[in-house]
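Residues in the sequence shown are numbered from -14 upward in steps of one, following the working numbering.
Please keep in mind that the hints were generated in silico from the structure rather than gathered at the bench. Honestly, I wouldn't trust all of these hints.
[As the list claims (entries may be wrong)] In silico BS3-like cross-links for lysine-lysine, where the CA-CA straight-line distance does not exceed 25 angstroms:
| hint | residue 1 | residue 2 |
| --- | --- | --- |
| 1 | Lys19 | Lys2 |
| 2 | Lys31 | Lys19 |
| 3 | Lys(-5) | Lys47 |
| 4 | Lys19 | Lys83 |
| 5 | Lys122 | Lys61 |
Here the structure is a predicted model, which means the values were calculated and not measured.
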Amino acid sequence: MAQLQREIEKLIAEEAKRSSGSNTGKYELTPEEKIVSTNFGNNKGKLPWPVERGVIISYFGKQAHPVLKSITLDNKGIDISTTTGSTARAVFDGEVRKVFSITGAQNAVIIRHGEYLTVYTHLDDTYVSVGESVVTKQALGTIHTDN
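All chains, full assembly: derive it from the sequences and hints.
As C-alpha coordinates, this is what we get:
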(Lines of atoms letter the chains of each structure in order from A and count residues from 1; the text may use other names and numbers.)
(Lines give C-alpha, C1' and ligand atoms only; values in the text may rest on other atoms or scores of the structure.)
Protein backbone atom coordinates (compact mmCIF):
# COMPACT_ATOMS: atom_id res chain seq x y z
CA MET A 1 0.00 0.00 0.00
CA ALA A 2 3.04 2.26 -0.34
CA GLN A 3 1.63 3.40 -3.69
CA LEU A 4 -1.61 4.46 -1.98
CA GLN A 5 0.30 6.44 0.66
CA ARG A 6 2.32 8.18 -2.08
CA GLU A 7 -0.89 9.10 -3.94
CA ILE A 8 -2.41 10.58 -0.77
CA GLU A 9 0.75 12.59 -0.03
CA LYS A 10 0.89 13.76 -3.66
CA LEU A 11 -2.75 14.93 -3.52
CA ILE A 12 -2.16 16.84 -0.28
CA ALA A 13 0.94 18.53 -1.73
CA GLU A 14 -0.87 19.45 -4.98
CA GLU A 15 -3.80 20.94 -3.10
CA ALA A 16 -1.55 22.91 -0.76
CA LYS A 17 0.30 24.33 -3.76
CA ARG A 18 -2.97 25.26 -5.53
CA SER A 19 -4.49 26.76 -2.41
CA SER A 20 -4.89 30.49 -2.98
CA GLY A 21 -2.89 32.78 -0.75
CA SER A 22 -1.19 29.90 1.03
CA ASN A 23 2.42 30.47 1.90
CA THR A 24 2.35 27.98 4.75
CA GLY A 25 2.65 24.89 2.57
CA LYS A 26 -0.69 23.71 3.97
CA TYR A 27 -4.04 23.36 2.24
CA GLU A 28 -6.18 26.42 2.99
CA LEU A 29 -9.89 25.70 3.48
CA THR A 30 -12.60 27.75 1.79
CA PRO A 31 -15.43 29.00 4.05
CA GLU A 32 -17.66 26.16 2.78
CA GLU A 33 -14.95 23.57 3.43
CA LYS A 34 -14.55 24.90 6.99
CA ILE A 35 -18.24 24.17 7.61
CA VAL A 36 -17.97 20.65 6.14
CA SER A 37 -14.80 20.05 8.14
CA THR A 38 -16.44 21.13 11.40
CA ASN A 39 -19.49 18.96 10.71
CA PHE A 40 -17.29 15.96 9.83
CA GLY A 41 -15.20 16.44 12.98
CA ASN A 42 -18.32 16.71 15.13
CA ASN A 43 -19.51 13.36 13.75
CA LYS A 44 -16.38 11.34 14.53
CA GLY A 45 -17.51 8.00 15.92
CA LYS A 46 -21.00 8.51 14.46
CA LEU A 47 -20.25 8.26 10.74
CA PRO A 48 -22.12 5.60 8.76
CA TRP A 49 -20.29 2.54 7.50
CA PRO A 50 -18.87 2.71 3.98
CA VAL A 51 -20.71 -0.56 3.19
CA GLU A 52 -24.25 -1.71 3.94
CA ARG A 53 -22.96 -4.66 5.98
CA GLY A 54 -19.56 -6.02 6.83
CA VAL A 55 -17.08 -7.00 9.51
CA ILE A 56 -13.94 -5.10 10.51
CA ILE A 57 -11.01 -7.45 9.94
CA SER A 58 -8.20 -4.98 10.65
CA TYR A 59 -8.31 -1.88 12.80
CA PHE A 60 -6.54 1.48 12.50
CA GLY A 61 -3.08 1.72 14.04
CA LYS A 62 -0.36 -0.66 15.14
CA GLN A 63 -1.25 -4.30 15.67
CA ALA A 64 0.25 -7.77 15.51
CA HIS A 65 0.16 -9.53 12.14
CA PRO A 66 -2.70 -12.08 12.23
CA VAL A 67 -0.37 -15.00 11.42
CA LEU A 68 3.21 -13.83 12.03
CA LYS A 69 2.89 -12.66 15.64
CA SER A 70 6.43 -11.23 15.75
CA ILE A 71 5.52 -8.76 12.97
CA THR A 72 3.77 -5.47 13.76
CA LEU A 73 1.53 -3.83 11.15
CA ASP A 74 0.73 -0.11 11.07
CA ASN A 75 -2.66 0.18 9.38
CA LYS A 76 -3.53 3.69 8.18
CA GLY A 77 -7.23 2.83 7.95
CA ILE A 78 -9.62 0.00 8.70
CA ASP A 79 -10.21 -3.08 6.57
CA ILE A 80 -13.76 -4.35 6.19
CA SER A 81 -14.81 -7.73 4.82
CA THR A 82 -18.13 -7.60 2.98
CA THR A 83 -20.27 -9.69 0.65
CA THR A 84 -19.68 -10.18 -3.08
CA GLY A 85 -21.10 -7.36 -5.20
CA SER A 86 -21.20 -4.84 -2.35
CA THR A 87 -21.04 -1.13 -3.02
CA ALA A 88 -18.68 1.32 -1.31
CA ARG A 89 -20.53 4.39 -0.01
CA ALA A 90 -19.37 7.86 1.03
CA VAL A 91 -19.35 8.19 4.81
CA PHE A 92 -20.04 11.95 4.66
CA ASP A 93 -20.74 14.79 2.24
CA GLY A 94 -17.65 15.91 0.36
CA GLU A 95 -15.91 16.36 -2.97
CA VAL A 96 -14.14 13.66 -4.99
CA ARG A 97 -10.52 14.76 -5.29
CA LYS A 98 -8.90 11.72 -6.88
CA VAL A 99 -9.90 8.52 -8.70
CA PHE A 100 -7.00 6.24 -9.64
CA SER A 101 -5.71 2.68 -10.02
CA ILE A 102 -3.42 0.98 -7.51
CA THR A 103 -1.28 -1.98 -8.51
CA GLY A 104 -2.75 -5.04 -6.79
CA ALA A 105 -5.62 -3.09 -5.21
CA GLN A 106 -7.85 -2.25 -8.19
CA ASN A 107 -9.20 1.34 -8.09
CA ALA A 108 -9.37 3.96 -5.37
CA VAL A 109 -11.37 7.10 -4.62
CA ILE A 110 -10.30 9.92 -2.29
CA ILE A 111 -12.94 12.32 -0.97
CA ARG A 112 -12.21 15.59 0.82
CA HIS A 113 -14.44 16.58 3.73
CA GLY A 114 -12.91 19.96 4.60
CA GLU A 115 -9.60 19.19 6.30
CA TYR A 116 -10.37 15.45 6.34
CA LEU A 117 -9.86 12.84 3.63
CA THR A 118 -11.54 9.46 3.29
CA VAL A 119 -10.03 6.78 1.07
CA TYR A 120 -11.91 3.89 -0.54
CA THR A 121 -9.81 1.14 -2.16
CA HIS A 122 -10.26 -2.28 -3.81
CA LEU A 123 -12.96 -1.00 -6.16
CA ASP A 124 -13.57 -2.93 -9.39
CA ASP A 125 -15.70 -0.11 -10.82
CA THR A 126 -16.03 3.53 -9.78
CA TYR A 127 -19.20 5.58 -10.19
CA VAL A 128 -17.81 9.05 -9.39
CA SER A 129 -15.47 11.54 -11.05
CA VAL A 130 -12.91 14.07 -9.82
CA GLY A 131 -14.62 17.31 -8.80
CA GLU A 132 -18.00 15.67 -8.19
CA SER A 133 -19.84 16.54 -4.98
CA VAL A 134 -21.04 13.47 -3.09
CA VAL A 135 -23.52 13.04 -0.26
CA THR A 136 -23.53 10.68 2.68
CA LYS A 137 -24.15 7.05 1.62
CA GLN A 138 -23.79 7.84 -2.10
CA ALA A 139 -22.49 4.86 -4.08
CA LEU A 140 -18.83 5.26 -5.05
CA GLY A 141 -18.06 1.92 -6.70
CA THR A 142 -18.29 -1.86 -6.64
CA ILE A 143 -15.99 -3.52 -4.12
CA HIS A 144 -13.58 -6.16 -5.44
CA THR A 145 -13.92 -9.62 -3.94
CA ASP A 146 -11.52 -12.54 -4.23
CA ASN A 147 -13.32 -15.59 -5.59
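(request) Take a quick look at whether Lys(-5) and Lys47 sit within 25 angstroms of each other, Cα to Cα. (result) Since the Cα atoms of Lys(-5) and Lys47 sit roughly 24 angstroms apart, the hinted pair holds (cutoff 25 angstroms).
(request) Measure nothing beyond the straight line between the CA atoms of Lys19 and Lys2; if it is 25 angstroms or shorter, mark the hint as holding. (result) Between Lys19 and Lys2 the Cα gap is close to 18 angstroms, so the pair holds against 25 angstroms.
(request) Assess, step by step, whether the Cα of Lys122 is no farther than 25 angstroms from the Cα of Lys61, and give holds or violated. (result) holds, 22 angstroms
(request) Take the C-alpha atoms of Lys31 and Lys19, compute the straight-line distance between them, and say whether it is at most 25 angstroms. (result) holds, 19 angstroms
(message) For Lys19 and Lys83, compute the direct alpha-carbon distance and say whether it is at most 25 angstroms.
(response) holds, 20 angstroms
Going through the hint list in order, the structure satisfies each hint without exception.
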